[in-house]
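Given chain F, put chains H, A, E and P in place with the hints provided.
Chains as they are written, first to last, in my numbering: chain F, 1 to 88; chain H, 1 to 88; chain A, 1 to 88; chain E, 1 to 88; chain P, 1 to 88.
Think of the hints as simulated: they come from the structure by calculation, not from any bench.
One or more hints might be untrue.
One copy or any two copies: either way a pair holds, since identical chains are not told apart in the list.
Below, simulated SDA-like cross-link-like pairs (lysine to any residue); rule was C-alpha separation at most 25 Å, straight line [to be verified]: (1) LYS23 with GLN9; (2) LYS23 with GLY8; (3) LYS23 with SER33; (4) LYS23 with GLY48.
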Amino acid sequence: MQLARVLGQVVATMKDANLTGLKLLVLQPLSASGEPAGRTLVALDSVGAGVGETVFFVRGREAAFPFYPAEPPTDATIVGIVDHWSVT
Amino acid sequence: MQLARVLGQVVATMKDANLTGLKLLVLQPLSASGEPAGRTLVALDSVGAGVGETVFFVRGREAAFPFYPAEPPTDATIVGIVDHWSVT
Amino acid sequence: MQLARVLGQVVATMKDANLTGLKLLVLQPLSASGEPAGRTLVALDSVGAGVGETVFFVRGREAAFPFYPAEPPTDATIVGIVDHWSVT
Amino acid sequence: MQLARVLGQVVATMKDANLTGLKLLVLQPLSASGEPAGRTLVALDSVGAGVGETVFFVRGREAAFPFYPAEPPTDATIVGIVDHWSVT
Amino acid sequence: MQLARVLGQVVATMKDANLTGLKLLVLQPLSASGEPAGRTLVALDSVGAGVGETVFFVRGREAAFPFYPAEPPTDATIVGIVDHWSVT
Chain F
1 MQLARVLGQV
11 VATMKDANLT
21 GLKLLVLQPL
31 SASGEPAGRT
41 LVALDSVGAG
51 VGETVFFVRG
61 REAAFPFYPA
71 EPPTDATIVG
81 IVDHWSVT
Chain H
1 MQLARVLGQV
11 VATMKDANLT
21 GLKLLVLQPL
31 SASGEPAGRT
41 LVALDSVGAG
51 VGETVFFVRG
61 REAAFPFYPA
71 EPPTDATIVG
81 IVDHWSVT
Chain A
1 MQLARVLGQV
11 VATMKDANLT
21 GLKLLVLQPL
31 SASGEPAGRT
41 LVALDSVGAG
51 VGETVFFVRG
61 REAAFPFYPA
71 EPPTDATIVG
81 IVDHWSVT
Chain E
1 MQLARVLGQV
11 VATMKDANLT
21 GLKLLVLQPL
31 SASGEPAGRT
41 LVALDSVGAG
51 VGETVFFVRG
61 REAAFPFYPA
71 EPPTDATIVG
81 IVDHWSVT
Chain P
1 MQLARVLGQV
11 VATMKDANLT
21 GLKLLVLQPL
31 SASGEPAGRT
41 LVALDSVGAG
51 VGETVFFVRG
61 REAAFPFYPA
71 EPPTDATIVG
81 IVDHWSVT
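The following block holds chain F by itself, in its conformation from the complex:
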């Protein structure tokens, strides 16, 4: 998983039917020190995250798991909202 900040939202009328009703959020991945790290991406949300929040997201095949038994065609999904994190 990776830490990320929610930057915004994508609006798409024409999309795969299995994405209907799901929020499409724009994420900026963050390093352990909280700095932007790597390219922005579009992710689904399974935990009620909103713009400006710090979250962590999962990539790949597991990104569809939170929507089971639905199978939206997603490769990135927010699976938690971060309260805080510590690094040594």
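Relative to the frame of chain F, chains H, A, E and P by itself:
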């Protein structure tokens, strides 16, 4: 998923039988600010996207989901046409 | 798999139900010479690793295997604690 | 998928039994403008491609699909020979 | 798949039970010209490779295939020892 612009099309007579009749589009991934970000790729299309449009696409195992029960050997598929997006 | 150092921990109250009770650790991948190499990430732990330890982790679909039959939505899981390694 | 040029071939006597009889080709991925882009890799071939040809290949789980019901341990397979492509 | 040189071995007493008895090798990926290319990683071995040898390895879900019906949590496995390769 990633935002991308559709740059063009690939023509291939000799290809896997499960790709027959499917459009092969050349995509340029975009950052959240709309700039080219990362390498171009070839993707299938499941939503009727055309050259010049802004889309988002999914990578990996999920890229075959929109064609179910067919299983084309694809690792990237356009799953939505972008109306607009916002970033804060 | 990749070598990594455990840097810290993420605290998240609001998260996918299948992550409940699982530690979320912040990892710094390491090169074969023990130097930081690549971006930090968040991983689950299946072997009792703690902050400061050197571990190796697995990415992708296999990251959920150690929790079978549970299927937490994870794309990175620590699967071993490193005693030492040799390179020629 | 990605565009690539076939650079050469790998010879390996000792290999996984499910790779027996399959060609192992060395590929150089190409950008949309036809320039080398990214690292060379080794791929299987499902369409009769030869050295010097321009092809496109699929990565990941789908790379084994063209060989079904066989399941060679491959993460990259050529699935088409490119006649030409256009970019705007 | 990618070409790689076997650099060394990882010793880990505490690890996932499905890794017991399997060699954990440190690999340096190689370009088509035989130069180091990209980050070192830890891989399992399914063909009896040793330190100093040139091999090719598979990433992702397919990395567990050579151990079937066992399912070790691996994302990288050596599947062949390279005799030689040619590039044009």
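Have a look at LYS23 and SER33 and pick one of within, between, both or neither, based on CA distance no larger than 25 Å. Cα proximity of LYS23 and SER33: across copies only (19 Å, versus 27 Å in one copy).
Alpha-carbon proximity context of LYS23 and GLY8, limit 25 Å: Result: close within a single copy only, 10 Å intra versus 29 Å inter.
Taking 25 Å as the upper bound on the Cα-Cα distance, should LYS23 and GLY48 be classified as within, between, both, or neither? The answer is both: 9 Å in one copy and 21 Å across copies each meet 25 Å.
With identical chains treated as interchangeable, where does the CA-CA distance between LYS23 and GLN9 reach 25 Å or less: within a copy, between copies, both, or neither? within (7 Å within a copy, 28 Å between copies)
In the structure shown, no violation is registered for any of the earlier numbered hints.
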